[in-house]
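> The chain contents come next:
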Amino acid sequence: MTIAAEPPRQGFRPSQLLQDSRYRGLTIQVIALALLLALIAFLVRNLVVNLAALGKDFDFGFLGNRAGYDINQALIPYTNNDSHARAALVGILNTLLVAALGCVTATVVGVLAGVLRLSKNWLVGRLMTVYVEAFRNVPLLLWIVLVYAVLSESTPAPAAFRGEDAQASRLFGLIAFTNRGTYIPWPVWGEGAGVLGIVLLLSIAAAIGWRIYARRRQEATGRPLPVLWVTLAILVLPFLVVFVLLGAPVTLDVPTVRETGIARFDGGVNVLNSLVALWIALALYTGAFIAEIVRAGILSVSKGQTEAAFALGLRPGRTMRLVILPQALRVIVPPLISQYLNLTKNTSLAVAVGYADVRATLGGVTMNQTGRELESILLLGLFYLIVSLIISGVLNVYNQRIALKER
Amino acid sequence: MSDLHSQTVAYSRDTMLPPVPPPRREAGAVRWLRENLFSGPLNIILTILAIWVLWLALRDVLPWAWRGIWNAGSISECRTIRDQLYGEGTSAACWAVIRARWQQLVFGFYPASELWRPPLALVVFLLAVLPILFADLPRRLLWLTAAAPFLIVWLLWGGPIWGPVAVALGFGLGWLAWRIVARAGGPLLGAVAAILVPVLYWIFVDAPLTAALARILPIGLTPVRSSDFGGFTLSIVIGLSGITLSLPLGILLALARRSEMFIISKVAVIYIEVIRGVPLIVWLLVAQVLLNYFLPSGTNFDILLRVIIMVTLFSSAYIAEVIRGGLAALPRGQYEAADALGLGYWQAMQLIVLPQALKISIPGIVNSFIGLFKDTTLVSIISLFDPMRMSSTIRATTEWGGIYWELYIFVAAVFFVFCFAMSRYSMWLEQRLERSHR
Amino acid sequence: ATLDDVKARDALNCGVNPGLTGFAAPNAEGVWEGFDVDVCRAVAAAVLGDATKVNYVPLSGETRFTALAAGEVDLLARNSTWTFSRDTDLNLDFAGVNYYDGQGFLVPSALGVTSATELDGATVCIQTGTTTELNLADFFRVNNISYTPVPIANDAEGRQQYLAGACDTYTTDASGLASVRTTFENPEEHVILPEIISKEPLGPAVRHGDNDWADIARWTLNALIVAEELGVTSANVAEMAAAPTENPEINRLLGTEGEMGAMIGLDNQWAVRAIEATGNYGEIFERHLGESTPIGLARGLNAQWTNGGLLYAPPFR
Amino acid sequence: MTDAALASAPPVSDEVAVQITGMNKWYGQFHVLRDINLTVTRGERIVICGPSGSGKSTLIRCINRLEEHQSGHIVVDGTELTSNLRNIDKVRSEVGMVFQHFNLFPHLTVLENCTLAPMWVRKIPKREAEATAMEFLEKVRIPEQAGKYPGQLSGGQQQRVAIARSLCMRPKIMLFDEPTSALDPEMIKEVLDTMIELAREGMTMLCVTHEMGFAQAVANRVIFMDQGQIVEQNTPREFFNNPRSDRTKLFLSQILGH
Amino acid sequence: MTDAALASAPPVSDEVAVQITGMNKWYGQFHVLRDINLTVTRGERIVICGPSGSGKSTLIRCINRLEEHQSGHIVVDGTELTSNLRNIDKVRSEVGMVFQHFNLFPHLTVLENCTLAPMWVRKIPKREAEATAMEFLEKVRIPEQAGKYPGQLSGGQQQRVAIARSLCMRPKIMLFDEPTSALDPEMIKEVLDTMIELAREGMTMLCVTHEMGFAQAVANRVIFMDQGQIVEQNTPREFFNNPRSDRTKLFLSQILGH
Ligand SMILES: Nc1ncnc2c1ncn2[C@@H]1O[C@H](COP(=O)(O)OP(=O)(O)OP(=O)(O)O)[C@@H](O)[C@H]1O
Ligand SMILES: Nc1ncnc2c1ncn2[C@@H]1O[C@H](COP(=O)(O)OP(=O)(O)OP(=O)(O)O)[C@@H](O)[C@H]1O
Ligand SMILES: [Mg+2]
Ligand SMILES: [Mg+2]
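Chains as they are written, first to last, in my numbering: chain A, 708 to 1114; chain B, 2 to 439; chain C, 380 to 696; chain D, 59 to 316; chain E, 59 to 316.
These are computed hints drawn from the structure, not numbers from a lab.
Virtual Cβ for every residue (Gly too), placed ideally from N, Cα, C.
Any given hint could be a false lead.
Claimed, not checked - Here are some, though not all, of the chain B residues that point toward chain E, as calculated from beta-carbon distances under 8 Å:
| id | residue |
| --- | --- |
| 1 | Gly334 |
| 2 | Gln335 |
| 3 | Ala341 |
| 4 | Leu342 |
| 5 | Gly343 |
| 6 | Leu344 |
| 7 | Pro356 |
| 8 | Gln357 |
Take the sequences, apply the hints, and build the full model.
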């Protein structure tokens, strides 16, 4: 079993660049790279020449200048005296907000619709098919506009909440759906609120502890312990007790309608209709795609799996949780994550309802006022690219973990 | 025989029982209703909920749509007619706007005398696609496929026929150069020649040649400007040209991404990820405001062309991923068999791999097309007259200001019909493929 | 130079609003019409001798200036407000004012508001990317009252939101408000508040740096205005141009005296063609915005200075 | 597959394990099972055969209520199968089933496959369940595969895991639906050996199979079905050597000639 | 599979067809082929056997450079296989290969499968290529299938098409990698008969197979591989009746006992 030495090296001949499989790839790559660099050089040169001709430069200094415009939804303090950079940040946060809300809701909607589409109930199944097909086959932009219009047509104006015999009433007396937006109460942290926070944290820890304990107990004795109810109790009861003991340190700032002048709500937080419309439209649109993914995922688990579980005596609920879902999830999660990616990119359609996302601030008003198209669009693209890369990074990690487990 | 015991098991049936229809509750409409609508408490609740949702959704919409007025010259006329028919203030749609402006919704500002051209171009396109989809058609039809792009461009934009002919000639020259040079100097030189000759031809010879030919033999159609394209014609033009143009690019990208050459595959990966990571609307912004910065100063081609270029670059990244899936679905054995027979890389790709991979990818390509077709509505944001923008423009006229839902519903319905048909087609294809693979 | 480009192209690239009632919109035949469009037509007629040789390039509020700066359009006739920063910073020059507008408020009568100062706490629908946004902020700050802006994408959406009651008031240029109001089912249930909170001189703009071209745009507009002042109309312009009249200014305008055309690089008939194509300013106004149209705007500030308005063309001499 | 297998099997008792009387089942309009009467006593080993589509699978799937019957009675180990969920749960945890396509849970290891049901249905502590599982895995001779995932095993090994998984619930009755027909010839033997061993220990078994060697070696009784009816039943010896009905003869000639 | 087959085969010449000296191959860290030395003369019919994973496939795939070897020399028909692409092209067009899974091109008809390489690699006119193809299809006894697609043929027919496809390139050497192991028993014979006929005509063949009947009837030499090494080689008679190494004995006992 001799380990043979390397084959003798022959002298290098130029014809090998094309004829030798070791070098040909290199040759091609060098040529391709050269062409690519030439193209880039060409573009950059044009850019420099054109910018010079227009008397512009490439400078991000404008981000520090005063923005001068108002944004009607800012998650961080913002006035029109703040800089363009801060306006962009406000837009970024707004984009992320609607993307996060959309993803969560789309998942809920999609899972529900996907499961209902498989339901034995003919009517429900058909209804869900109509929903899925309607949303998948009509452009999202149209849906955003339509949802916005439906929303403002179907909700009452704040004036309708006025007076003793108001035509409209609030949900639980707290939440008001109006055609301006949804007004929800907001907690005001009073004295002692910190204690409450600590209690809440403690009970969350306790709840997690209980779950772990319950699992251990079950493994040891076989008897499962109630998890859901106990968790709820741990989370709610101590909080209530401390809340009462401390004399209600947290109060709700409930929105109230102004009775004089132009009707409007004061207090609480206003969830803008543009946000709601965008949110609903994105969630329903993406939800339709997710429904298909979920349906395919569940169908991908063969009927034999259910039957085997049933034959072992597992109840339908447990079968779903222990056998079907874990298998369906592997099929569902990767396309699901790419739907999240699509949804995030689609938030850029916010412009249709005037929601102040990053495209509207950085890529809209800022770009328009400062005339810095190149810099603004570059930053805008970079932001979306980074978000996308993060999301697809998560996807890759998940795929790798599955691959590990499958092995 | 109920008392069968293992010691006295012997049993043989001498008369076979005939089949009996099931008990009543197991058959017919009763069974259907019970199984499909009322099979349990949860099911009953769901049924009731579904009916309630349907009622909510249709209660107001159906009468409004049904009462719709189809014949009127403006919205105020619509309102007068409505007041006469149903009384003051009843809700009724004013579909008349669609009758009055359907031409703009479908064709944009395309000259009224030339309206036959876009549909004819679409027919040519469909005919050209046929020989690709159905391998059993005569191969000679592929010539139509090759000629179709030029024919379609000519039909849509008009002008002397010599423009497209001269451009096509360039491709012919490239092919000729390839044949001659590749034989003499090897494939790499051949490729260089096949690129260089037509490019030089297009830069230096094309324009004068076209002009000369047009002077000698003036055959042509009325020229139509890009800015006259609008409505669904615009959507279809952008969508179809985006998909077809991105196909070759997507194939190259997919092959590059699967290539073993490090630089090539990484460049492809970066391109694909960057394109897919940024929303189309930002790319359209780039097309609208940035593209000019990157081109030699003075070049200024029209926005439609820029949008088509951007859309092509955009969808090529998506198509590349679809085709990569198709390539991955091909068993390794196909590559090996091609290698073992002595076929070169491009021969193997052209003869063995791509025909199969593309066939597998057709449903995916159709799906990308549906997505792209829907996304063409985004060009409204950069002021191209797609159906959405066309609707707002119609609303800006004094006759139809105040119309809202009718136009959107019409646009949505047309999109739905197109996309739904295509998605069903791609599903059918997928199923057929699945079957033929077994 | 732009003039040469236009002549070589034999068409004027004119940036217009993709749809603003009365100012620019394609009609059922797809022909662009409107108050702004006529500026394009007049310039095309003056320069190329044919008012139809215009490529209309619809531009959104956000991209109009970029398009002009990048050379996509030769002339921007898209109800753009002439402001200091736009004139100086954005690489463009305003050629004059073709419509003196001002931002107003449209409210439902039911709101019970008679003055804009009573709008405390109002929700205001407003188009983004325009000066209106900035004016609004200034007005409410000055009057020390609060408001909530509802940004909207375009006029049609704004109208829809306003009618649905999603905002208490709709603000945009008063001309726009008037035209919006006419499309309502019950226009009488809505009022335009008396306050005009801003100066909105709307005018055509050209790229900065090509003064010859700017002159052509500026003086074509002035020719239309002065034509009204001098009583030259599309009906009588041919007759007046046939032979010199008693009024030397008319003669200079119509090229029967002097060499005014050559000074801006055109022939002497340029103004005649422009007036023939579109009529004088008054005719244009009446055709698209005036009392006889559904929009029914009064001349107001846009009357000739002789009638107490602001229209005041510098002398042709 | 020697007669020795049978010889050492415990004698069949008189206790009734499964009793089916006058049972009928329809799929929509299609009458799949017609007037089935069958009594299985504890320790019996019954082989069911018959042409494809004759309702064999449906019959045994009715026994643990994977299919619902529409008339007649099925009593399993003293519990009647009605739509009462408690009864169904009870029956299912006493009846083990092995499918043609194994139906192992691919996301769980072999050991987890075997402990899942004992832990969640029988509420047995994990450690104990694992011990039992290992015991049965040893019985089917694949204890060393306990940590692997089903996808990593050969077909024969998978089917043996499926058998072990059922046994972990300590069922009183085992149902087999063509347990070897999806396997390669070499693997069939592994599985049949396991089943023979089970039979030897006295497990009550109902087995749909076409392995006639197995039937002859192990069964007390062979049941022949056709068109949803039990056409003939007899001891294996009689059944194979001396079939009475014409259908049986025809069927046997096809099977054995094959 | 009679000895008559061998009797009529032309005698083996002295000319060298394939010469492998001191060849080694690694997959990453894994040493698949270790110091292989093998000379095949023109007209020889060599059968390679050995346990799974012993490197048989890898060895014959090295001969037409479907796999790259890392040291040693392989000379095929006078051409050394280095990374020189011209040489690789030359060798590949002289060496035919038949795969276990046929690897026919499913989108081309049988005839097109057979004419593809002659037309594109050998640049033979279409008409001529088709004539040759029909000739070889006749030889493998399926001329009537020429117009069909591979998917419409049985496995045995597909494998015969694969053989015809290789022959159309008029190769000097044929490599077979378990050509019959994906086939049903009935079809194996069809393919083996075709191969025997080829052997009779004096084709140089290297064949990985476990069909020992075939080896005995046709081969000049049987090579036994294990763990990447050639452990034993001999004439079939000696090899089967009188294996020398223990490994060979063990292997043969498994194969033949099976
Ligand atoms: N879910 C179902 N709906 C309708 N008919 C069914 C269903 N399942 C089975 N059948 C029909 O019932 C009959 C009996 O099926 P069953 O599976 O019990 O046959 P089998 O004897 O097990 O056949 P095989 O040997 O092929 O497994 C067949 O004709 C089959 O087509
Ligand atoms: N591409 C590869 N990468 C890494 N290892 C490989 C690769 N291909 C094969 N091997 C390994 O190389 C060894 C030899 O493989 P080879 O296919 O030559 O065996 P074989 O003798 O043909 O076996 P079989 O009879 O199963 O076909 C095996 O252990 C295999 O796992
Ligand atoms: Mg069955
Ligand atoms: Mg092998």
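> Against each hint, give a clear statement of whether it holds in the structure.
Now for the hints, and whether the structure bears them out:
{"no.": "1", "hint": "Gly334", "in the structure": "holds, 4 Å"}
{"no.": "2", "hint": "Gln335", "in the structure": "holds, 6 Å"}
{"no.": "3", "hint": "Ala341", "in the structure": "holds, 4 Å"}
{"no.": "4", "hint": "Leu342", "in the structure": "holds, 4 Å"}
{"no.": "5", "hint": "Gly343", "in the structure": "holds, 4 Å"}
{"no.": "6", "hint": "Leu344", "in the structure": "holds, 6 Å"}
{"no.": "7", "hint": "Pro356", "in the structure": "holds, 5 Å"}
{"no.": "8", "hint": "Gln357", "in the structure": "holds, 5 Å"}
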